[in-house]
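S.K.: For this one, chain A is given, so just place chain B on it according to the hints.
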Amino acid sequence: MPDQPQPALRMTGISKAFAGVQALKAVDFSVLPGEVHGLVGENGAGKSTLMRILSGATRPDSGEIIWRGRRQEFASPAAAQAAGIAMIHQELSLVPGASVAENLLLGHEPVNRAGLLRRTEMLDIAVRIMSDLGVPIDVRRPVEDYPLAVQQMVEVGKALSRDASLIVMDEPTSPLPDTEADRLFDTIRYLRDRGISVVYISHRMEEIYRICDRVTVLRDGELVGVAPISGVARDRLIEWMVGRRIDTLFPRRQLAPGEELLRIEALSLPSHEGEGRLLLDNVCLNLRAGEIVGIAGLRGAGASELMGAVFGRYGCRPTGSVALKGDPVRFTSPAQAIRGGLAMLTCDRKATGLIMPLSVLHNMTLSALPDIAPSGILRRSAELRRAEPLFRQLNVRAASLDAEVSGLSGGNQQKVALAKWLMTEPQCLLLDEPTRGIDVGAKHEIYELMNRLVEQGKGILLTTSELPELLAMSDRIFVMHRGKVTAEFTRAEATRERVMAAAMEAPGE
Amino acid sequence: MSDPPENRPKSETPEASRASWGILALRLLGRHRGIAALVAVFILGCIVSPRNLRTGEIVFLTPRNQSNVLFEYSEYGLLAVGMTLVILTAGIDLSVGSVLGFVATLFSFLVIAKGMHLAPAVLICIAAGCGIGATSGLLVAKLRIQPFVATLAMMAAARGAAKLVSGGIKIAHGARPWYVLQDAPPPVFEWMTAPYAGGWLRPVTLLFLVTIVIAALVVRYTRFGRYLYAVGGNEEAARLSGVAVARTKVLAYLISGLTAALAGISSACRMGYGDPEAGATFELDAIAAVVIGGSSLMGGRGGVMLTLIGTLIIGYVNKILSLIGWQEAQRLLAKGVIIVLAVVIQETRRRRE
Numbered sequence: 001m002p003d004q005p006q007p008a009l010r011m012t013g014i015s016k017a018f019a020g021v022q023a024l025k026a027v028d029f030s031v032l033p034g035e036v037h038g039l040v041g042e043n044g045a046g047k048s049t050l051m052r053i054l055s056g057a058t059r060p061d062s063g064e065i066i067w068r069g070r071r072q073e074f075a076s077p078a079a080a081q082a083a084g085i086a087m088i089h090q091e092l093s094l095v096p097g098a099s100v101a102e103n104l105l106l107g108h109e110p111v112n113r114a115g116l117l118r119r120t121e122m123l124d125i126a127v128r129i130m131s132d133l134g135v136p137i138d139v140r141r142p143v144e145d146y147p148l149a150v151q152q153m154v155e156v157g158k159a160l161s162r163d164a165s166l167i168v169m170d171e172p173t174s175p176l177p178d179t180e181a182d183r184l185f186d187t188i189r190y191l192r193d194r195g196i197s198v199v200y201i202s203h204r205m206e207e208i209y210r211i212c213d214r215v216t217v218l219r220d221g222e223l224v225g226v227a228p229i230s231g232v233a234r235d236r237l238i239e240w241m242v243g244r245r246i247d248t249l250f251p252r253r254q255l256a257p258g259e260e261l262l263r264i265e266a267l268s269l270p271s272h273e274g275e276g277r278l279l280l281d282n283v284c285l286n287l288r289a290g291e292i293v294g295i296a297g298l299r300g301a302g303a304s305e306l307m308g309a310v311f312g313r314y315g316c317r318p319t320g321s322v323a324l325k326g327d328p329v330r331f332t333s334p335a336q337a338i339r340g341g342l343a344m345l346t347c348d349r350k351a352t353g354l355i356m357p358l359s360v361l362h363n364m365t366l367s368a369l370p371d372i373a374p375s376g377i378l379r380r381s382a383e384l385r386r387a388e389p390l391f392r393q394l395n396v397r398a399a400s401l402d403a404e405v406s407g408l409s410g411g412n413q414q415k416v417a418l419a420k421w422l423m424t425e426p427q428c429l430l431l432d433e434p435t436r437g438i439d440v441g442a443k444h445e446i447y448e449l450m451n452r453l454v455e456q457g458k459g460i461l462l463t464t465s466e467l468p469e470l471l472a473m474s475d476r477i478f479v480m481h482r483g484k485v486t487a488e489f490t491r492a493e494a495t496r497e498r499v500m501a502a503a504m505e506a507p508g509e
Numbered sequence: 001m002s003d004p005p006e007n008r009p010k011s012e013t014p015e016a017s018r019a020s021w022g023i024l025a026l027r028l029l030g031r032h033r034g035i036a037a038l039v040a041v042f043i044l045g046c047i048v049s050p051r052n053l054r055t056g057e058i059v060f061l062t063p064r065n066q067s068n069v070l071f072e073y074s075e076y077g078l079l080a081v082g083m084t085l086v087i088l089t090a091g092i093d094l095s096v097g098s099v100l101g102f103v104a105t106l107f108s109f110l111v112i113a114k115g116m117h118l119a120p121a122v123l124i125c126i127a128a129g130c131g132i133g134a135t136s137g138l139l140v141a142k143l144r145i146q147p148f149v150a151t152l153a154m155m156a157a158a159r160g161a162a163k164l165v166s167g168g169i170k171i172a173h174g175a176r177p178w179y180v181l182q183d184a185p186p187p188v189f190e191w192m193t194a195p196y197a198g199g200w201l202r203p204v205t206l207l208f209l210v211t212i213v214i215a216a217l218v219v220r221y222t223r224f225g226r227y228l229y230a231v232g233g234n235e236e237a238a239r240l241s242g243v244a245v246a247r248t249k250v251l252a253y254l255i256s257g258l259t260a261a262l263a264g265i266s267s268a269c270r271m272g273y274g275d276p277e278a279g280a281t282f283e284l285d286a287i288a289a290v291v292i293g294g295s296s297l298m299g300g301r302g303g304v305m306l307t308l309i310g311t312l313i314i315g316y317v318n319k320i321l322s323l324i325g326w327q328e329a330q331r332l333l334a335k336g337v338i339i340v341l342a343v344v345i346q347e348t349r350r351r352r353e
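Protein chains in written order, with my numbering: chain A, 1 to 509; chain B, 1 to 353.
Think of the hints as simulated: they come from the structure by calculation, not from any bench.
Quantities reported herein were computed from a predicted structural model and do not represent experimental measurements.
Treat each hint with caution, since some may be false.
Straight-line Cα separation of at most 20 Å, SDA-like style, residue types lysine to any residue; simulated pairs [as the list claims (entries may be wrong)]:
#, chain 1, residue 1, chain 2, residue 2
1, B, Lys142, A, Arg317
2, A, Lys350, B, Ala90
3, A, Lys350, B, Glu236
4, B, Lys335, B, Ala280
This is chain A alone, in the form it adopts within the complex (with noise of 0.2 Å):
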């Protein structure tokens, strides 16, 4: 075996066109054994249909792929499974009623020779796996009693279990609170040291230098450059990727806070089965005009759980007082909370965000309705006059205003559901995860969105799991543990250890 390393895989050449768009154009792409590789650029870059080349879900125009010193076409992903490529995506393939064993083992089960399972074998395999990944959990459960995090440490197992070389990762971290990130990464490196090779698919700077080798940038379906991580600078890795510089990733402009727009106090919401836990435990904090507040905390601390109490979203379950300009205020839906001027972002655009099968118009105006249509008739004109200034505004690149929205990239969708509530012109804005999942170019417009929108008046709730950007984004931060609010900093106060060390614990226990 060679001593100097042969590339495990070398993509070539590789031009795709999807119904005369040009996705790839002549893109070479090649991964070392045993190495991390970050491939990163903006959406529509061309990152996942290479990935789908490589995977055989989607086959070139032109171009070969070199896998293992052997030319290959992948005619399914069937075919590239069985070669020893992976891919693991963000929605996980797993079945969750079945245990963590069958999981693991799913098609490729011990048999013996009648047909039937080798269930002592089985289980005794799937131990070994889950050892080796440093989760030593019961394999005889179901992988739905386990968290999202170990769930992708068994798509990982999943895919050791099928002696695969090489492992796409897409977004791994992106449903991750920070602490199991680093729990991945410790995987990711475990892997590589046993020589498997990683593409790690991220918008996140932070974890492309932290975890990767090399990275490979795309733009516009072509390859831009393909560098070691520690010779290259972040500038000029987003430079690469958005073909212009970005001066500063989070643009924060400060103002003197004016009056108080909202004020919670004692804010306690029992969970859903009344089983005496409460998700929101005597919270308490304020917000004022032209400033913007971030709630930090881990998955499940209760961020999103107090910006949905304020809104009405749990009816009457919430207990406690809000107060929006002084004037205590009860919602109890959605409805009463958007006539009382605020506005709720959601932190999953698909699932609760978005209205997917409907247009880019039809869902920018879907919550400003009452107020464009009070009769309850509807006419196109005035709903375009009241949304096309805002489509150009924020610069959403679609087709048109009546494309439908699933059909848009992550970060204009993310746009299109912030117009929807700007079109609503709320006091107060409750961001939930408003970057999540988008490409730097959009999230650069989106922070100075909301700079514009303090600038305005406006205050803003944020929260978002990725701490950089509460901590340089925020004036204020309150930090929450187990639905309590367990800190408060100041812009100044506010460093990454400090606000990490109050959202895992509570203070006095």
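M.R.: Quick look at chain B alone, frame taken from chain A:
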């Protein structure tokens, strides 16, 4: 500027604009497969239809035949209109066939047996239909019972009510001595089904067409209509966007009950009596019309005019097959094939987009 290439106008050059009418027509048909299918079925009808031996005219095209298709399918069509609204919300209304039967017997009971005036009888029938629909809607929206189950229950209950009103037999003139019976069918029955305008139109047909146009306008041009799509497309997102989800759903089922009541009155007039068994399995034909038109059973996609197309396709195909002498057995088999074909065509288009 940021248009994907395929959306850029290609017909800006003069030589291209000459051919553009044809291209436009083709593109229109490509985008609206329902219309294309309807046109194809219509042409097929003209081709395979037998000719009148004496005059040589194509039987399929005669006004009598054309108006018969609309006349015979106006009840299915009425049910399908309300069904469309419910399906847009990602629901289903299995009770419409039974509501038709209930209202048909109720209407006959009031008019034939009780000798009631037309206006109060119609109002009572419509109120009954709306009441049943609203009940389904409340079960679905407030008690969160699955639409299939909730309306299955209403389907059984409404059929029971039909038999209760009629005593289990048909209510016709000159029967059942313990009612105050009319000697002849009430004039409304004849009037509703008599042909006008040279045989092209009957009031029952007109009722269907007017209802479908009103429903189409409501769905397209009112806030309630938009909310139907929003609720069906993503209920939780709609609620968080300020849409009154429960009210929208209840209203959709209520309208479904209303159109079922109109269909029930039509049915009684067409048959000349109130049959407690009327409308059995009609709910399935109504669903078929909606699906063949191209609305999605998953909700959020579709439209009332698509349902008109779906109804006409079923009606035409049935008529063509009976013109060429197929029996009901074969016609049912053909209907099964058409439903599958329609869905497959719609799905491939959606996936390609």
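S.K.: All hints are to be evaluated individually against the structure, with a verdict given for each.
M.R.: Structure-based check of each hint:
Restraint check for Lys142 (chain B) and Arg317 (chain A): satisfied, since their Cα atoms lie roughly 17 Å apart, inside the 20 Å limit. For the given pair, Lys350 (chain A) sits about 17 Å from Ala90 (chain B) by alpha-carbon distance, which is consistent with the 20 Å threshold. For the given pair, Lys350 (chain A) sits about 11 Å from Glu236 (chain B) by alpha-carbon distance, which is consistent with the 20 Å threshold. Restraint check: the Cα-Cα separation between Lys335 (chain B) and Ala280 (chain B) comes to about 17 Å, which is no more than 20 Å; the hinted pair holds.
Going through the hint list in order, the structure satisfies each hint without exception.
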